[in-house]
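Undergrad: The listed protein sequences correspond, in order, to chains A and B.
Here this note's numbering is used: position 15 in the first sequence is -4, and no number is missing along the way.
When you read off a place in the second sequence, starting at 1, and then add 275, the result is the number in this note's numbering.
It is worth saying that the hints were derived from the structure and are not from the lab.
The beta carbon of each residue, even a glycine, is placed where N, CA and C say it ideally should be.
One thing to keep in mind: the hints can contain errors.
A few chain A residues that don't get close to chain B, going by computed Cβ distances all over 12 Å [stated by the list, open to error]: (1) M(-18); (2) A2; (3) F4; (4) I6; (5) D47; (6) G62.
Derived pair list, reagent style DSS-like, types lysine-lysine, alpha-carbon separation capped at 27 Å [said to hold, decoys possible]: (7) B:K762 / A:K49; (8) B:K574 / B:K621; (9) B:K644 / B:K515; (10) B:K586 / B:K574; (11) B:K576 / B:K586; (12) B:K644 / B:K711; (13) B:K555 / B:K515; (14) B:K762 / B:K504; (15) B:K621 / B:K576; (16) B:K515 / A:K25; (17) B:K504 / B:K515; (18) B:K555 / A:K25; (19) B:K587 / B:K574; (20) A:K25 / B:K758; (21) B:K515 / B:K758; (22) B:K555 / B:K587; (23) A:K49 / B:K758; (24) B:K390 / B:K289; (25) B:K515 / B:K574; (26) B:K390 / A:K25; (27) B:K504 / A:K25.
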Amino acid sequence: MITVHANFHSHFKELASTGEASFQIETPTVEALAESICEAYGPKMEAMLIDPDTHELNERGTMFVDAKGMRISMGDQLSDGDTITFLVGIAGG
Amino acid sequence: MESRLLRVDLTTGKMRSEVIPHSVFERWIGGSGINNWIMWEHFLTHDINCDPRGPDNIFVFGVGPLAGTGAGSGIKGRITFKSPCYNMFGDSAGGGKFPYMLRFTAFEYIAITGKSPKPVYLHICNDEVSLVDASHLWGRDTLETHTMLREELGTYPSHAHTLSISQAGENQVGIASVVSDALRIHARCGGGAVMGSKNLKAIAVQGNGGLKIQMPEEMLAWSDDFRQKIDENEAVYGFKRRGTLGAVEMYQHIGSHFWRNNQGNMFRGGEITSDNWVKKYHKYSEVCSSDCFIACDAKYKIDGTESEAAKKYIGETFRRPEYLTTGSAAGALDVRDWSEVAHWGKITNDYGIDNQDLSCAISFLMELKQRDLISDSDVAELFDREQSLRWGNMDDIEFCVESIVFQKNLFGKIFGDGPYLGAIRYSELKGQNFMKYATYGKGGASFTEEMRPFPTWMNNMAVASRGADHLKGIGLIEKFQRKDLSKIYFDGRTEAADLSVPTLKGASTALIENQVALLNSYGVCLFHWMLDPAGYTPQDYYGKAYAAATGIDRTPDELMLDGARICNLEKAFNSRIGMRREHDTVCERWMWEPTDEGMYPGSVAAEMFNPVLDEYYEWRGWDKDSGLQTRKSLEDVGLGDVADVLENEGSLA
Ligand code: SF4
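Start from the sequences and build out the full structure, keeping to the hints where you can.
TA: In structure tokens, the structure reads:
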């Protein structure tokens, strides 16, 4: 069991009704974290987080990064104490 | 597909209507592609090295074939001209209802040349056109001009929709913009100065004609599918709520803002670092164009309770600031109050002036003051008064804006063409080299985001046909680290999404430039595509809508070639006026000064700049030494005739 911290921004924050949360997950993977988050916050969060066609992390208008600013993918491993940040990916205007 | 072009010679007052034949659409798609071709042909018989503020310059407005068809992908009109501030190819997109209403008249393209002996506006009412005295509008800002024209022209056959300039355009300020319906700005490259130089205050359109869609059934089916896709994309709901301000928190997290003239890359100070203000205070939503399934636009109205500063703006209402309005105010100028940021957006719109150029010019000077490189008396010399030039001081900033708009003083005159020429002129005036504090690419003002960690963005800034630009290349594969996109476009390779290597960055620029050229030529908004660039591909998914609207059925590969053709024509324009590889560069700050905060510290453009630029030329088939096009590269995209012109003028590799 590891603990992973999640930072939610913009639309993610609204869906989670919080900017931060911690999750205890059995398997140290992004996939397990994503499952926990969907379970905690329901179908809208799932729609934001998971691509229904590929079951990968949703790439459309989103950005999920580790502490070094690198985008994470479903298959990535996590370590105890990691922080993952959930952002919307948009630019310009 | 057939469309009409209205040609207006303001010197003689003569106007004529021309049919744009199907073959032109087959070659140039529409929108920006056709605008470019109209300008190219114009400069085959007029001196391309003419003064952009002189009567020989041309001002083209065009709207692409998907606009207003019910496709739901937003509508963007485009203005195209030789830029008075950068002295190269210039164009700028804008939304609002003007472009869509133009399609409901007899025309979709307008080409204006010459110079009117007195201020006029062009009135298009279905197929009737007239030049009307505009002396009562001269001296008005864009909101007043729009309001007066609406009243004056009545509601038949429709409300009037307008494109207008403010006092900045009248004064031929290089960075003056053109504003659609007093709300949506064609900000870049100084189209307002071109209109002003022609004594053209506004264009007003009224129409109730219809649009002809070649394959209506197919169009409806496409539109239904698109609507469903948009509705299923949860990220769209977040985007509706915040528009591009959703980027504020992301950029704050990774360090991608442009703070104090890009001395840093994080916003400072409380609420400005998040998008909470927008959620709390934006008052009502609206769609910027009439044909958009997203509707990211919204308005605010300040009631004075939001903050201490907000008391200055009670009752003020305007569009919610977009990211770059925020980036320029909260970033470049370090304004920390949201109501002041919103006010910045409003004044730059009403004065019809590009807030990217403006903020880079003002923040350049603020940095000189911060570093004690200029004294209080130097500042007084520029402004004819004391001016603190303190970061974030909105009163000072507003005076800087007015100085430029009304050409009040030396500052206004020196910096009216943006930060690059402003910095050169000011360095000359003071006998000192201040260029290391100016932020620009290829002579164009920066867009106010941190770009040094992103090699594709840096390449975009260096090669964009209209100077530093985020809307020609768009480094989204890399910025959002989209390995999936990289794999799709580069045979399963992922390097385009990897920030640490130069590989596939120049290739990404070329690829996305071609795609964006297509979207700009269809006449749609870029945001729909940006929300799912793998799903709504310009050459494939949008290509079907284009076929339905025009009857021109192209394979995705053919459409990509069309996109490349459009980009090559913009490049050829700049080659004709003498631009070469040495112009495809970025400012010293980006090149050599490392970032020292955010998630990617220590980044400088120089690390990967040349290999990326070389790769870009390779992908384009251009000569790496001179940066010029080769005959083969032009013939490959069906531009043998353009190669002939360049060869005759010694501008072909
Ligand atoms: S997405 Fe936003 S900017 Fe684009 S057309 Fe729609 S409302 Fe306008």
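Undergrad: Can you name, in rising order, the numbers of the hints this structure does not satisfy?
TA: Those not satisfied are hints 5, 9, 26.
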